[in-house]
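Q: Protein chains in written order, with full-length UniProt numbering: chain Z, 1 to 503; chain P, 1 to 498; chain R, 1 to 115.
Don't take each hint at face value.
No more than 25 Å apart at the CA atoms, straight line, and that leaves these computed lysine-lysine pairs for BS3-like [unchecked claim]:
1. P:K408 / P:K459
2. Z:K481 / R:K106
3. R:K106 / Z:K87
4. Z:K481 / Z:K296
5. P:K141 / P:K183
6. P:K408 / P:K434
7. R:K106 / P:K495
8. P:K183 / P:K366
9. P:K175 / P:K91
Coverage of chain P stretches by chain Z, computed from C-beta distances (three or more under 8 Å per stretch; other residues unrestricted) [claimed, not checked]:
10. 49-55
11. 98-111
Hints were generated in silico from the structure; no laboratory data involved. On a predicted model such as this, the values are computed, not experimentally measured, just so you know. In this text, a Cβ means the ideal position worked out from N, Cα and C, and glycines have one as well.
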Amino acid sequence: MSTSVIKKTAAEVAEIFASGEASAEEIAREHLGRIKAVDGDVKAFLHVDEDNVLAQARAVDARRAAGERLGPLAGVPIAHKDVFTTKDMPTTCSSKILEGWQPPYDATVTARLREAGMVILGKTNMDEFAMGSSTENSAFGPTHNPWDLTKIPGGSSGGSSAAVAAYEAPLATGTDTGGSIRQPAAVTGLVGMKPTYGGSSRYGVIAFASSLDTPGPLARTVLDAALLHEAFSGHDPMDSTSIDRPVPPVVEAARRADVEGLRIGVVKEFGGEGYQPGVLARFREAVELLESLGAKVVEVSCPHFTYALPAYYLIAPSECSSNLARFDAMRYGLRVGDDGTRSAEEVMALTRAEGFGPEVKRRVMLGTYALSSGYYDAYYGKAQQVRTLIARDFDAAFEQVDVLVSPTTPTTAFPIGERADDPMAMYLADLCTIPSNLAGNAAISVPCGLADEDRLPVGLQVMAPVLADDRTYRVAAAVEKALQDRWGGPLLAQAPDLTEAVK
Amino acid sequence: MTTTLVPYDEALTRYEPVLGIETHIELGTKSKMFCGCPTEFGAPPNTQVCPVCLGLPGALPVTNQAAIEGIIKIGLALNCSIVEWCRFARKNYFYPDMPKNFQISQYDEPLCVDGHLDVEVDGETYRIEIERVHMEEDTGKSLHVGGATGRIQGADYSLVDYNRAGIPLVEIVTKPIVATGDKAPLVARAYATELRELVRALGVSDVRMEQGSMRCDVNVSLMPTGSSVWGTRSETKNVNSLRSVERSVRHEIERQAGVLDAGERVVQETRHFHEDTGTTTSGRSKEEAQDYRYFPEPDLVPMAPPRAWVDELLSGRPELPAARRARVREEWSLSDKELQDIVNAGALDLIEETVRAGAEAAAARKWWMNELSRRATEQGVELTELPVTPADVVRVSALVAEGALNDKLARQVFDGVLAGEGTPDEVVEERGLKIVSDEGELAAVVDEVIAGNPDVADKIRGGKVAAAGALVGAVMKATRGQADAGRARELIIQKLTG
Amino acid sequence: MPDEHAATGSAEEAASGGAITRDDVAHLARLSRLALREDELEHLATQLGDIISAVARVQEVAAEDIPPTSHALALTNVFRADELRPGLTPEQALAGAPASEQQRFKVPRILDEEA
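Assemble the whole structure, with the sequences as input and the hints as a guide.
A: So, in structure tokens, the structure goes:
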């Protein structure tokens with residue numbers, strides 16, 4: 001095995017393990033080496049415990065040696081977003097309020113990764129409590145985009161996107177509440193998938209907005225994403241909102257990779273003002289490509305999609321204001337100001353003021369406002385009605401077409417610091433991704449090239465109806481295949497070599 | 001501010017009370033409302049907890065079907081409509097014994113609505129209208145350390161146990177209870193009593209007020225007699241017994257009448273009832289109205305109980321207390337008073353079980369209501385707590401019926417059973433308690449007695465048969481009560497006049 | 001959800017996405033249990049005002065008779081059987097606690113506001 005195992009796809013790494021060419025331990029060591037080499041600059045990980053990683057890898061090797069039938073991703077290392085609870089690693093959601101907290105239980109996704117024989121390399125950085133689109137809202141410092149270390153890696157799953165784009169891990173988990181998988185995937189040249197809401201378990205996912213949060217995969221290829229999707233998705237009796245149905249045949253769809261005869265709708269509302277020209281150019285080319293591959297492309301209007309962003313910024317903060325109430329210094333996490341004279345109420349308020357960062361406080365306050373007496377109907381109530389209208393727009397669109405496409409995000413990766421104290425500008429990063437969170441349907445982002453202006457990755461978003469997750473993989477895989485033929489390799493091959501850059 | 005209480009009867013001459021009662025009942029499910037932790041009362045602290053009921057980050061609730069069946073049973077028994085679709089809602093407020101700092105409850109979509117419960121006070125029926133019955137979860141329990149004993153005020157710090165957090169809680173809310181006049185405290189008590197009996201009969205909770213598995217908050221307001229404008233209400237919490245329900249209403253009427261008589265206004269507030277004094281004291285006044293920011297619980301999906309399910313719960317339910325009372329009254333030929341005494345003594349189950357096991361209703365009632373009730377009272381325990389079973393009573397009744405025991409001996413048998421000497425048959429055997437039914441043995445005793453009382457014997461010979469009583473007494477004394485007095489009398493008269 | 005929510009803020013205020021004052025922010029901070037500094041209150045008043053006027057756009061949508069959506073998917077009646085599942089030991093439960101005593105979570109004195 002050469003050191004190039006780190007550049008292999010997850011499917012290839014799995015094959016290397018399965019064939020016995022390399023042990024899980026050897027594979028893990030290679031990735032730990034890569035992390036050591038580049039993570040000082042990328043800062044994708046919050047926590048990597050080498051001994052723990054090697055112990056996990058050896059356990060997987062032992063399981064194989066004992067003849068256990070392991071899953072298709074056995075032996076493959078993975079970077080795990082710090083929003084998932086892990087009983088052998090701290091789980092902080094990149095918040096000071098949870099610094100050092102070691103959960104006494106594994107998230108369902110975590111447990112399924114272990115069951116599949118995957119090796120968790122560590123926990124990745126994120127926007128605090130998954131609130132943000134740049135990973136700058138981490139209490140432990142920003143993560144850097146491997147394409148350009150001065151740029152953001154997207155967010156909130158920015159540690160995960162950076163880790164995979166920097167070859168620190170072949171796969172990563174993410175959660176997508178308003179675009180937190182798709183947008184980081186888009187700006188780092190990866191595939192990122194938000195499954196149908198309820199298709200992947202939220203048990204053990206520290207909640208941001210319960211009715212929107214969806215765990216999903218980040219990967220360098222569509223097939224890898226599908227393999228990971230299949231590994232951790234499916235019904236979970238511990239999550240009441242989990243769908244009790246078989247996982248759609250995503251791996252099969254990723255392998256099929258054709259769009260012949262498929263009807264594809266271009267969302268009319270997503271384009272024009274506010275969109276970077278290079279993003280629009282790559283998007284148009286991708287649409288033309290799909291047409292050339294035999295898809296029937298039409299323009300579809302989803303008139304309420306323009307209200308998705310304001311509705312989202314009422315619904316998500318409302319739910320978060322309630323979800324984050326439990327961080328109160330009583331049972332776990334940070335406690336500030338308990339000097340024996342202060343009351344529990346004062347200690348709670350001091351701790352929360354100290355333990356939460358500015359964006360979290362903003363959203364908690366906004367949500368408190370939207371739910372409060374006298375404002376509920378005008379804000380939260382209205383946003384819930386808009387949510388219905390957006391779902392109806394999707395329903396109407398999916399009567400005409402099989403999938404909808406749009407740019408994943410209006411711009412490429414922006415400079416770290418540019419939008420840090422301009423929440424409204426930051427929120428625009430999720431413009432195109434939010435509707436699928438509100439309606440709960442499946443959506444994927446797949447690389448479609450580099451913008452001419454800045455040579456940074458652009459993502460194509462493919463949206464499919466609820467439980468038609470396989471359809472997004474089928475289209476994304478077709479695009480990937482055609483573009484890689486054109487480029488002569490994966491888009492990520494065009495990224496700068498970090499070890500070179502570092503030297 | 002101290003308020004002069006207005007004597008109850010006087011208060012009722014000027015004011016008409018309006019009541020409202022909110023009752024919380026912990027369901028006796030095996031596991032908690034939203035997780036698989038046990039619900040046992042009295043376990044060591046924090047031994048019945050998991051990520052869900054501790055509100056740990058990432059944990060999610062999943063609804064216990066048995067709890068939903070329990071609340072639907074209660075709703076149906078209270079003549080409520082079961083809604084076709086409803087959701088849980090989050091009630092947001094911060095409190096250390098509430099692990100998530102929101103309570104999963106129901107807001108404007110309760111599961112059961114618009115019911116009623118009829119209660120009887122002094123022969124008159126009052127219909128208590130039920131506004132709603134909804135499902136929620138209980139909180140943890142705090143132990144306050146330092147300051148005054150166990151009180152929250154002045155404590156240095158608190159210690160929280162989350163064993164109770166997440167136990168299913170049903171809240172039953174009445175509509176305003178009006179036109180009860182001076183019967184208001186009794187109506188309140190009768191409602192709580194009937195509700196407790198109803199829920200107990202359904203078998204969905206042990207409804208033990210002293211353990212907190214049934215808790216009442218009692219709202220009271222007064223309006224001037226003849227007025228139709230309701231006054232400001234107080235909400236009395238910590239009402240932990242049926243008697244306290246009655247006393248707290250009575251006290252609030254006296255107190256609020258005092259406030260109003262003094263030309264002051266009743267403050268809308270929470271008050272705490274004190275068992276020792278029978279009075280209430282002010283808790284927190286709602287200066288800044290609570291803003292609970294209710295919204296639909298996104299972690300739980302809506303409930304839409306299928307009609308067939310509800311029908312099944314309805315058809316499978318046990319006999320309810322009112323129907324049962326009507327039935328036993330008929331079957332056992334009881335007067336209202338007799339029935340009421342049985343209910344009040346908590347003897348209905350015991351007597352019915354005794355009858356079902358083969359005893360005559362009259363005998364079962366006699367033993368439980370007289371002999372055994374007296375002993376329970378003497379020992380200061382509930383009738384059900386006596387170490388006597390319906391089967392024991394059946395056996396003793398049978399022995400009396402077949403003439404093997406008389407009442408006096410039967411009481412001695414119960415002495416033995418209560419003292420732990422074994423079953424009635426074992427006590428009879430051990431203590432040698434048997435009516436002397438051997439004719440020869442009895443005849444010998446009779447002869448002895450006649451010989452020892454020649455004067456009395458002569459009187460009887462002379463026709464004064466009534467004098468035989470004295471000789472029967474002597475026979476009984478000689479046999480230590482074990483003779484059949486009737487047979488002894490027959491023998492005496494036969495021997496002296498026959 | 002009606003009634004209780006219609007208690008304080010006026011409809012016009014809500015509809016205009018009205019300006020947020022420092023005092024409004026202070027009230028929200030109290031409800032949210034956040035001990036904010038004076039400069040944070042001022043800064044947030046501006047920011048929240050901007051955000052609220054932006055999100056108030058939802059009120060432009062003609063949504064009469066449109067049912068609200070609280071859940072992404074229309075699932076109903078998800079229940080579990082009334083069965084025990086292994087939980088945590090007291091040691092595990094208390095492991096993350098900032099303070100504990102007598103196998104209980106130790107918390108500062110509680111002002112009697114609720115319960």
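Q: Next step is simple, just say for each hint if it's right about the structure.
A: Now the hints, each set against the structure:
Straight-line distance between C-alpha atoms of K408 (chain P) and K459 (chain P) comes to about 29 Å, which puts the hinted pair past the 25 Å bound. As the CA atoms of K481 (chain Z) and K106 (chain R) are separated by approximately 59 Å, the hinted pair breaks the 25 Å bound. Between K106 (chain R) and K87 (chain Z), the direct Cα distance comes to roughly 24 Å. Compliance with the 25 Å bound is thereby established for this hinted pair. For a cut-off of 25 Å, the pair hint linking K481 (chain Z) to K296 (chain Z) stands: about 18 Å separates their Cα positions.
For the hint pairing K141 (chain P) with K183 (chain P), the CA-to-CA distance comes to about 35 Å; that exceeds 25 Å, so the pair is violated. Between the alpha carbons of K408 (chain P) and K434 (chain P) the distance comes to roughly 11 Å, so the proposed pair stays at or under 25 Å and holds. For the given pair, K106 (chain R) sits about 87 Å from K495 (chain P) by alpha-carbon distance, which is inconsistent with the 25 Å threshold. With a C-alpha separation of about 32 Å, the suggested pairing of K183 (chain P) with K366 (chain P) is violated against the 25 Å cut-off.
With a C-alpha separation of about 22 Å, the suggested pair K175 (chain P) and K91 (chain P) falls inside the 25 Å cut-off, and the hint holds. Judged by the Cβ-Cβ criterion of 8 Å, the stretch 49-55 of chain P is covered by chain Z as claimed, because 3 of its residues qualify and three suffice. Check result for the stretch 98-111 of chain P against chain Z: holds, 4 residues qualifying (beta carbon to beta carbon below 8 Å, three or more required).
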